[in-house]
Amino acid sequence: MLLALSACPSNSAGFQWPDASHYWRVLVNVNQYIENRPREWFAQDKIITDLQILDVKPGARAAAVEQYHKLRRDLASRGLYVGTYISGRTVGTASNQTVYPPGSVAIEEMPANARYIGPWPGQSDREIIDVRDPGTRHAFQAGVKQLWEREPAPIRFVDNAAVQPAVVRGEPWKAYCDNMREIRTLAESQGSRAIFNIAMHVALLTDEEARQLIEAIGPDNGLALEMPWHPSIQKSPEATAKAVARYRQLLDSGLVVIMIPVDTQPNILSDWIRKWKKPADHLYISGIFWKAPDSSVYSDR
71 MLLALSACPS NSAGFQWPDA SHYWRVLVNV NQYIENRPRE WFAQDKIITD LQILDVKPGA
131 RAAAVEQYHK LRRDLASRGL YVGTYISGRT VGTASNQTVY PPGSVAIEEM PANARYIGPW
191 PGQSDREIID VRDPGTRHAF QAGVKQLWER EPAPIRFVDN AAVQPAVVRG EPWKAYCDNM
251 REIRTLAESQ GSRAIFNIAM HVALLTDEEA RQLIEAIGPD NGLALEMPWH PSIQKSPEAT
311 AKAVARYRQL LDSGLVVIMI PVDTQPNILS DWIRKWKKPA DHLYISGIFW KAPDSSVYSD
371 R
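In the numbering used here, each residue carries its 1-based index in the sequence shown increased by 70.
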């Protein structure tokens with residue numbers, strides 16, 4: 071394992087977020103099938119937020135590790151910074167882990183007195199930690215630390231990190247922010263940057279929620295949003311204006327923003343951000359690695 075780690079560069083030394091003044095695509099949720107796509111599709115890309123080998127069969131872990139390291143070396147040689155994926159609030163049974171690097175902390179590594187709020191919907195073997203409980207949070211973060219130490223990387227994509235109260239009633243916003251701040255500090259201690267995927271309508275953030283979020287994530291770290299300009303916000307000029315004001319607050323504070331166009335067409339999202347984006351903003355739109363990039367979406371030209 072030590073030989074494998076030394077053979078796979080973290081490419082984190084000197085990492086800086088790429089200039090998004092002209093080309094703002096980043097690749098999210100990438101797997102091994104990227105190696106089957108034309109290299110010219112990725113000529114302008116600089117960031118892969120997370121890479122995993124999927125469908126790792128029992129007894130084939132060593133082969134998956136080798137494949138992962140080989141692919142990372144190839145991507146790094148092309149000038150791409152490659153990150154890792156981790157769930158920011160769930161743990162799962164080790165026997166059901168079918169990806170490499172593992173996408174969650176193993177529940178077997180959690181202490182017996184760890185607190186959970188229930189299983190992830192539709193996945194009975196996956197528990198959601200109670201982020202209100204410091205002991206549970208810190209035990210979970212210790213598991214994250216071990217996983218990250220095994221695979222150094224410049225970027226850590228932290229999924230399921232928080233749920234905004236205005237979207238779904240969950241745990242207190244402050245507790246989510248405490249967990250994100252501690253995970254971000256952990257990432258920074260390893261020379262990495264963290265990106266937190268949050269279920270959130272930016273337009274509905276209160277002043278206090280925005281303050282806590284900015285403090286939790288910190289400058290040069292990021293948030294990824296699957297509802298960056300939801301149709302319910304689009305139809306309201308007032309809500310849209312609030313969204314722009316909040317995005318400006320987040321970006322001007324030094325945060326990185328990645329918009330994932332799940333509920334909005336990429337071209338509509340791109341046309342909108344051109345109206346208020348500043349050249350120095352670290353603002354990106356996610357792309358799908360198995361489709362050729364559309365320069366009209368990912369470029370300001």
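Note that these hints are calculated values from the structure, not bench results.
Careful, some of the hints might be misleading.
[Unchecked claim] Here are the simulated DSS-like pairs of lysine-lysine, each with C-alpha atoms no more than 25 Å apart in a straight line:
| no. | residue 1 | residue 2 |
| --- | --- | --- |
| 1 | 348 | 116 |
| 2 | 244 | 305 |
| 3 | 361 | 140 |
| 4 | 305 | 345 |
| 5 | 348 | 312 |
| 6 | 244 | 312 |
| 7 | 347 | 312 |
| 8 | 347 | 305 |
| 9 | 215 | 140 |
| 10 | 244 | 215 |
| 11 | 312 | 345 |
| 12 | 127 | 140 |
| 13 | 116 | 140 |
| 14 | 116 | 361 |
| 15 | 347 | 116 |
Checked hints:
no., hint, verdict
1, 348 - 116, "holds, 20 Å"
2, 244 - 305, "violated, 30 Å"
3, 361 - 140, "holds, 22 Å"
4, 305 - 345, "holds, 17 Å"
5, 348 - 312, "holds, 17 Å"
6, 244 - 312, "holds, 22 Å"
7, 347 - 312, "holds, 15 Å"
8, 347 - 305, "holds, 20 Å"
9, 215 - 140, "holds, 23 Å"
10, 244 - 215, "holds, 22 Å"
11, 312 - 345, "holds, 14 Å"
12, 127 - 140, "holds, 18 Å"
13, 116 - 140, "holds, 18 Å"
14, 116 - 361, "holds, 16 Å"
15, 347 - 116, "holds, 20 Å"
The earlier numbered hint that this structure contradicts is number 2, and it is the only one.
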